[in-house]
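Enquirer: One letter stands for each residue in the lines below.
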Amino acid sequence: MMATSYNAKDEDGRVTVCGPGGGPLLRGKKPENTALKQQRLAAWQPVLTAGTALPALFAVGLLFIPVGVGLFVTSNNIRELEIDYTGADASSPCFSCSQSFSWNSTRPCTCTVPFYLEQPYESNVYVYYGLSNFYQNHRRYVKSRDDGQLNGNEKSLTEPSKECEPYAYRDNEPIAPCGAIANSMFNDTLELFYNDPNGTKIQIPLNATGIAWWTDKHVKFGNPGGNDQNLSAAFQGTTRPVNWRRPVYELDSDRGNNGFVNEDFIVWMRTAALPTFRKLYRIIGKKDNVVPTLPRGNYTLEVVYNYPVRSFEGRKRVILSTISWMGGKNPFLGVAYIAVGAVCFFLGVVLLAMHHKCGNRNGDGDISN
Amino acid sequence: MTLKSPLDRVRDALRGQRAREKDIRNLVSNLPYEGLGKTKQPNRYFPGNAIKTTKYTLLLFIPMNLFEQFHRLANIYFVCLAILNFVPVVNAFQPEVALIPICVILSLAALKAAWEDFRRYRSDRKLNNTPCFIYSRKDKRFTKSRWKDVRVGDFVKVVCNEIVPADLLLLHSSDPSGVCHIETSNLDGETNLKQRRAMSGICISDPEFKPESFNTVVVCEKPNNNLNHFKCYVEKPDKDKVGTGIESLLLRGCKMRNTHHAVGFVVYAGHETKSMLNNNAPRYKRSKLERKLNTDVIFCVILLLSMCLVGALGHFLWLQALPSGPPYLVPDSNGHLDSPSLSGFYMFFTMIILLQILIPISLYVSIELVKIGQIYFITNDIDLHDDETDRRVQCKTLNITEDLGQIEYVFSDKTGTLTENKMVFRRCSIMGTEYPHKENAIRLAVLGEPESGEDVIFNQRPQPPLTGWSLDTEDITPDCTQHHHDNRHRSKVKGNAQSDVAFSSPLETEVIPDRKLLQQISRAGNCSGSQEIDPYLDFFLGLAICNTVAVSMATAQRQRRKPKRSRSILEDLVVEEDHFNPPVKKEDFEDTTGLQMCSLHAPSDTNSDNLSYEAESPDEAALVYAAKAYGFTLLNRTPDSVTLRLPSGEDLVFEVLDTLTFDSNRKRMSVLVRHPITREYVLYTKGADYAIMELLEHLSGKQKNIAAGTQHHLDCYAKDGLRTLCFTKKVVSYKEYESWSVNRQRALAAIDHREELVMDTAVQLETGLSLLGATGIEDRLQESVPDTIVALREAGIQVWVLTGDKPETAVNIGYACRLLEEEDLVINMSCKNKLVCTSILDCTLEEVRRYSEDPRNVDTTQGISLVIDGCTLTMALSSDLQDRFVDLAKRCRSVLCCRVTPLQKSRVVKMVREKLKVMTLAVGDGANDVSMIQAADIGIGLSGQEGMQAVMASDFAISRFKHLNKLILVHGHWCYTRLANMIIYFFYKNVAYVNLLFWYQFFCGFSGTTMIDYWLMIFFNLFFTSVPPIMFGIMDRDVSAEMLLGVPELYRMGQGAGEYTFSTFWVSMLDAFYQSLVCFFIPYLAYQDSDIDVFTFGTPLNTISLFTIILHLSIEIKAWTVVHWVIMLGSVALYFIVTLVYSAICVSCNPPSNPYWILQSQMADPMFYLLCIITTVVALMPRYMFHVLKNSIAPSPLVQARHLDRLDPSTRDEWMKEWKSFRSTSQVKRSRLSPPTSPTMETLADI
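As you go down the protein sequences, you meet chains P and A in turn. Going left to right, the first sequence walks through residues 2 to 370 as my numbering numbers them. Going left to right, the second sequence walks through residues 845 to 2091 as my numbering numbers them.
Hints in this document: simulated from the structure, not taken from any laboratory.
Cut-off 25 angstroms, straight-line C-alpha distance, at most; resulting in silico cross-link-like pairs (SDA-like, lysine to any residue): (1) K163(P) with D1182(A); (2) K280(P) with Y1928(A); (3) K1759(A) with N1138(A); (4) K1136(A) with V1871(A); (5) K38(P) with M1972(A).
If you only want the chain A side, here are some residues facing chain P, beta carbon under 7 angstroms, derived: (6) H1229; (7) D1234; (8) F1847; (9) F1941; (10) R2050.
Built from N, CA and C at the ideal position, the CB exists for glycine as well.
All chains, please: the whole structure from these sequences, using the hints.
Expert: See the structure below:
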């Protein structure tokens, strides 16, 4: 800009002025001679060569292999039993239930699945239900909820978010909890019996609390008007989701585990990442150190078969699993660590050989090519 | 004022439009109309002097700015995506959230525009309110007013050191001869004073100028932006026309100097002034890298579309395979489910929104930021700062820094670029006799020696030198000198002070007269009085008269340097006479040489030594100094007269009748004077030998001998690399002059074809000249020019020199600057007609081909050089020979073109650029290089002695040729590698990240689900991973500057495509695909069939991705400084802090992702860390190994240079020395053999 250039010229016109103190005040444009401005900052200049890569590779190899072994062993120590009760083939005890199903049928269908536990389960046993081919991560499905409502927001209770459509209103009454996720909640009831060798059938107590995240139960989810209220009054003016048999305030008899803070409900609402997933159902607490939580022997799984999976060709499973610091059984990570460690070690050896053989060629200064 | 109807107004506006568009304008004085209404003003159609450079107004800022921003394609892309997101069936995110990126980018750009506009507004306001003096009829004097009140037709008075407010036609000056001086440094950067003269015949040269008496019409051309041309004539009431041109125009923005005051008539005001019309926005060039980048962006678009297609198709197939409506398929609000094909169609758009970051829109912003950083570092380079002129390198075009790293051809001007353009008179030949000036040569040789020699001289002469302009206080006041530790430094400071003026240091301008010539002159002087003027005297008269050198007293010179002083000149003069008029001593060289100079100089008092000459071309100054040395002192020059002091002490005043200025077509200039004694009309002409020799009068025997002898001397001078000029004289009869003068006046007053007419009249007069003699002027090479050229050539750059000089001179300089080497095969091409030219070209080409194919020559450094002259070049450039010429030139190591015109220069550059598809760089310093500078990919201007036109047209401006070395070899290399790597990394980064989302689609039924919170995705690109690549692009340093300068061969790595090639792009794309696969599938396998939820699954993915992307950059970073560590660690820290805080406070916000406590719970899980570690290792392993293996098995020269860089500086320098000596010894058999293994090399192997 011409306009600005006048000023600029005036400012840096090469005027040499002798200040009153006497020293010449050379107002030059000489750049400052600092390391930063002259790009001479002290720098670490690593050059990746066989020589420099060797220690790193060996270190990775030596570190990963033991970690992998540890992980593998840990994973192998986890007991896990999977029982498929979908009832897809005719031989299955739940076949009839699976065939004669509709969301609206009021008469519950039950089936009994026997199984044998070969090894006793010593510590806490986690009972999961597993679904496959159920895309809880479908974009539209994931969105179909109202977090405000679930948090206990009174306004959202009566006016569910638009995201819940078409599961927001039924007969002009707002649905609580609204949305497709809640509507499709897993509603099979599972009971476990131990068949004592002497013929008696002992029900194993299943703990329904402690299965959801603590933060979910206490912060994210909340009943309208607080958890200690009379829930049926709090949910006055709302209606249950289409597929539900009972309203939300009758999910559990325990007042602390009812309404929106019902843990089964909370667990279901945490939509699974992958189409084949398991969700924690119950925990079988360890009694004492003498008796195993689940001794060896015959068991019966009694299922109240409510949840249809034929519509998506899914399967239903029950998983009994102990747990370790790394979660459930998964040998993959251990194997991966061992494999990567081994590969690194191998590469290290190769590089070492190469380094010894032709390392001298390095940097012989033949820069011209 | 009466109310006007709208129709009148429209008519008036149309008339105004017409008046402005007309080719010729008639302007009259405003004074008779003063006080009348606006409609009565004669000049009302022309804009006033108020300027407005702002783009926006307060009210319209937002709409105008938005409109402007939407001209960029990238912004439109953004907006389309945001709009797409508002369509319910396809949206992928919350529609409001999708607006964030575009809003951020638009508002940032708007803020920048607003700030810039505000600055413009402020400077406009300041300028518009600058005070000035306008004549008022009412007050009968000049009243104080402001710039914005100036209108066309006003009379404006400008006093000394004031800036001219509008384009003024100079009518009156305080100087009795009607001259005033202006400094145009604000316009073109030239600091030498320019003389302007009041229009003759108009002003009534009373002591006071009476504007009321101005009753003429000024007819001038339509405003244009040419600062050096102006056409205008004044029509007096008696229809008498007086023409004038730029010599009477004071341009807006100039500073008045050395003149107490001047009065001018406003011809153009405000935006119509030449300076405002010249005020173009900075040029926008696209660099090669950016052009290539755009094709890669297209690849990205194709990739994006194909990925979206996969998504759409996948969704369709997935839906088709479903047996019936599963509970997780959510119907729309009416309970209706779309058909699979329609859903698939919608999904295509959802995918575009989802994967939009694949198109690296932020790349453009980042590149701009990186370039700003790079330019900051270039301009701050202390090595590119010239101490003498105190100038830094200037980057005028902001976006082609990386092109500097890919230069393959350098085209250089010679004079002023390779040479100092500080002309020193060396030899002369008068009437066929040569005067070699041996003593002078010896003295110059001493001067030319490096510093040591200079020291000696300064030690001998502690006083400031003779001539006046080293009077700067700091050299004398003891207080001030304390900072200058040694004499050498002092000399630099002095140089600094003098560099404004177009001549060299006092020691260089001093000429020691040749003894023989002195005798000749004194003999001629003795026998003066005879009718015949001695040719020797005439020669020197020509030397002193035939030029346009302005004379200024030393004191005036000094006054000019203190523009901030508020005192008047008179005061200044008094002060300075008192303090700084040291007695001049002339003790130095007369004694040593033992010449009888004193007899000649005796009459010249101290006064004449205070003179300083200001010449537009340094040659002229050198000649005037040479004449002065022989006692012919130019004392004063006004437009009408030249005052000369003869050796006898007599002052002669020559009446100047006309000056035929120099132009590049005629290649000569003439001054027509009237001799005060003989009353003859004498025309002195000087010019290039070939422009003069053919104009000589019919030669008689003796004359012929003289001409032949002079020609011989000229050739000798040229061989010595001197610049030659011929001097002639012609006596014009009165009658001849009269008739010519009429033509001349007519030509000058013409508006159409004025240039041609004026030139014709000049040619008309310049005939039948009689030869006086010739001069040889030396133009010394700039320091380290040979080194620079050698380094450039070692860097694989072909250097072409294009010069207007004679071939002999050029070849000589070519050898001196090592453009040509002794052992080179020099092909000389000079032919008269095209047929010869074609055959020569064919023959040479054949020979050169055979030569280069000869196996004996493969390993030699002996290069082929081509010397071609202008006229042959014209033929070679013709379309049918072009290809052959280029083919030949391609095989030559260096090309020297002589006697080329500016147009040819640009044609050569253009041809090489287009035919060979190479990056070209042109460097020059003068107006004749402007076209070449503009034609090349990169134009570099040298701010030298010849004004600033070249600099104004250039992309980069440097002050010494040697700076080219570091600019290209170091900064060019750095900028290129940095930017190329940054861009590749950027592509990689986006693809690697976005692909995570893509892989997830295979597990969510291609429904467009994201497993990463959208805010975190935005932040990921905006904050977490944006700064490291920018820092990488600005600060990474693969090889140190010392190494790059020491081993110029390293530069070759960047030429051609360099680091940024098709394959590097695709390799990094493949790497990105691999890494995203790893980053997705390792966590996938680890979490398979577990109770993990969507966003908990996404958190480790996001984290792993961050680590991979950051560590990937760590592998690429070549030098880690503190800044690198801070930024890299800071980015990771920022990620964790922001994500932790976000997931701690967001309880039910941002549905559906709802990140509450997710990262916290993940960070409490050891699996998270184990996953992060192994995934990052696996993801980066291939790249790491690729680098390791490449560097170990086939290390590129750059890697070897990096090895050497790690050595301590002394060892490195030693190695470089060895490398250099090896290179020079193996000149004959070029480096096919490996160099001797130095002791340092063994240690390298262990690193």
